[in-house]
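> These are the residues of each chain, in order.
2 protein chains.
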Amino acid sequence: VARELLILAVGRLKDPLLERASADYFKRCRGRFAGKVREVKTLARLKAAVPGDATLVCLDPRGRAESSERFARRLETWLQIPSRPVVFAIGGADGLDQELRDRAHHVMSLGPMTLAHRLARLVLTEQLYRAVSILEGSPYHRG
Amino acid sequence: VARELLILAVGRLKDPLLERASADYFKRCRGRFAGKVREVKTLARLKAAVPGDATLVCLDPRGRAESSERFARRLETWLQIPSRPVVFAIGGADGLDQELRDRAHHVMSLGPMTLAHRLARLVLTEQLYRAVSILEGSPYHRG
Chain A
1 VARELLILAV
11 GRLKDPLLER
21 ASADYFKRCR
31 GRFAGKVREV
41 KTLARLKAAV
51 PGDATLVCLD
61 PRGRAESSER
71 FARRLETWLQ
81 IPSRPVVFAI
91 GGADGLDQEL
101 RDRAHHVMSL
111 GPMTLAHRLA
121 RLVLTEQLYR
131 AVSILEGSPY
141 HRG
Chain B
1001 VARELLILAV
1011 GRLKDPLLER
1021 ASADYFKRCR
1031 GRFAGKVREV
1041 KTLARLKAAV
1051 PGDATLVCLD
1061 PRGRAESSER
1071 FARRLETWLQ
1081 IPSRPVVFAI
1091 GGADGLDQEL
1101 RDRAHHVMSL
1111 GPMTLAHRLA
1121 RLVLTEQLYR
1131 AVSILEGSPY
1141 HRG
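Chains A and B are the protein sequences, given in the same order.
First residue of the first sequence: 1, per the numbering used here; consecutive thereafter.
First residue of the second sequence: 1001, per the numbering used here; consecutive thereafter.
Bound-form chain A, shown alone (with noise of 0.2 Å):
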């Protein structure tokens, strides 16, 4: 059985060209896991939609900013406790809050420049897969 990996976002990316580009990542990591992006409309409909028994890492600006080998290893963990979803939050323009880093597994930051949150779903999408490739050595990463 695939594992399940559930981007959270809140706010609509509006943007077709970005939202293609992230999904054909997405379809390139199908070996390892089932991903899905759920867009919802508030920061309270986010913290509603996480599973109780889910994995999650929330992207955020005061979290660690690590390279990708580590984020591999990291994702190569979540994914292998059977039964638990793995999801990432992402937060609007307002970001996430205190109570959700606290529930959080892991909180990341993809580094110390404020990124759009569109890109930055790009970006993280661009890592899973890239981390995909790192764990089954494919010539995709050279870091």
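By construction, these hints were calculated from the structure, which means they are not laboratory data.
You may find that some hints are simply not true.
List time: in silico DSS-like cross-link candidates among lysine-lysine, alpha-carbon distance up to 25 Å [stated by the list, open to error]:
| hint | chain 1 | residue 1 | chain 2 | residue 2 |
| --- | --- | --- | --- | --- |
| 1 | A | Lys47 | A | Lys14 |
| 2 | B | Lys1027 | B | Lys1014 |
| 3 | A | Lys14 | A | Lys36 |
| 4 | B | Lys1014 | B | Lys1036 |
| 5 | B | Lys1047 | A | Lys14 |
| 6 | B | Lys1014 | B | Lys1047 |
| 7 | A | Lys41 | A | Lys14 |
| 8 | A | Lys14 | B | Lys1027 |
| 9 | B | Lys1014 | A | Lys27 |
Not close to chain A: a few residues of chain B, all C-beta gaps over 10 Å, as computed [to be verified]:
| hint | residue |
| --- | --- |
| 10 | Gly1011 |
| 11 | Arg1028 |
| 12 | Leu1043 |
| 13 | Asp1053 |
| 14 | Pro1085 |
| 15 | Glu1099 |
Quick caveat, the model's predicted, so the values are computed rather than measured.
Virtual Cβ for every residue (Gly too), placed ideally from N, Cα, C.
Starting from the structure of chain A, add chain B where the hints point.
Using the frame of chain A, we list chain B on its own:
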């Protein structure tokens, strides 16, 4: 006279979606600078294409990863030097080399994660637009 800002990149983007997203950000910067992208086939050609009088900024994992605000201040300084084009160099899969990094006025990193260079170009143009927004106090950046 508008300042000239050039992104010199090794390799073709080959992705009309990302190209368009990137061009959109550049268009919105026109009040501050005229942005152009030039793709070259090899690192040798990239080196030859850097104008002798340019302010050269290299994108490299060994560079400094800084906040968008700091980047905006740097950009402001670079754009203030009259008659000096600002040139950002982005390597292909093999990156840049020591000689070019030594020639650079600044070496910057987008963060500790390895990013596909096609995404690095998109993220860079978004950061340039964000920098312009920061310098102009526009609401785009609420970092």
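> All the hints need checking, so say for each whether the structure fits it.
Do the hints match the structure? See the list:
Simply put, A:Lys47 and A:Lys14 have alpha-carbon atoms about 22 Å apart, close enough for the 25 Å limit, and the pair holds. In summary, the hint linking B:Lys1027 to B:Lys1014 is supported, as the alpha carbons are separated by about 20 Å, within the 25 Å threshold. Between A:Lys14 and A:Lys36, the direct Cα distance comes to roughly 17 Å. Compliance with the 25 Å bound is thereby established for this hinted pair. At most 25 Å may separate the alpha-carbon atoms for a hinted pair to count; B:Lys1014 and B:Lys1036 meet this at roughly 17 Å.
A threshold of 25 Å between alpha carbons decides the hint, and for B:Lys1047 with A:Lys14 the separation of about 38 Å lies outside it, so the pair is violated. For the suggested pair B:Lys1014 and B:Lys1047, the alpha carbons sit about 22 Å apart, so the restraint of at most 25 Å is met. Proposed proximity of A:Lys41 and A:Lys14 is supported: the alpha carbons are some 13 Å apart, at most 25 Å. Taking the CA atoms of A:Lys14 and B:Lys1027, the gap is near 19 Å; set against the 25 Å cutoff, the hint holds.
Only pairs whose Cα atoms come within 25 Å are accepted, and B:Lys1014 paired with A:Lys27 is accepted, the gap being roughly 19 Å. The Cβ of B:Gly1011 sits about 14 Å from the closest Cβ of chain A, beyond the 10 Å cut-off, so the non-interface label holds. Chain A leaves B:Arg1028 outside its interface by the beta-carbon criterion, the shortest separation being 12 Å against a cut-off of 10 Å. In this structure B:Leu1043 is separated from chain A by more than 10 Å, as the shortest Cβ-Cβ distance comes to about 15 Å.
Distance check on B:Asp1053: its Cβ is at least 28 Å (rounded) from any Cβ of chain A, clearing the 10 Å threshold; non-interface status holds. For B:Pro1085, the shortest C-beta to C-beta distance to chain A comes to about 23 Å, beyond the 10 Å cut-off, and the non-interface label holds. Taking the minimum C-beta to C-beta distance to chain A, about 21 Å, the non-interface status of B:Glu1099 holds against the 10 Å cut.
In this structure, only the earlier hint numbered 5 is contradicted, and the remaining ones agree with it.
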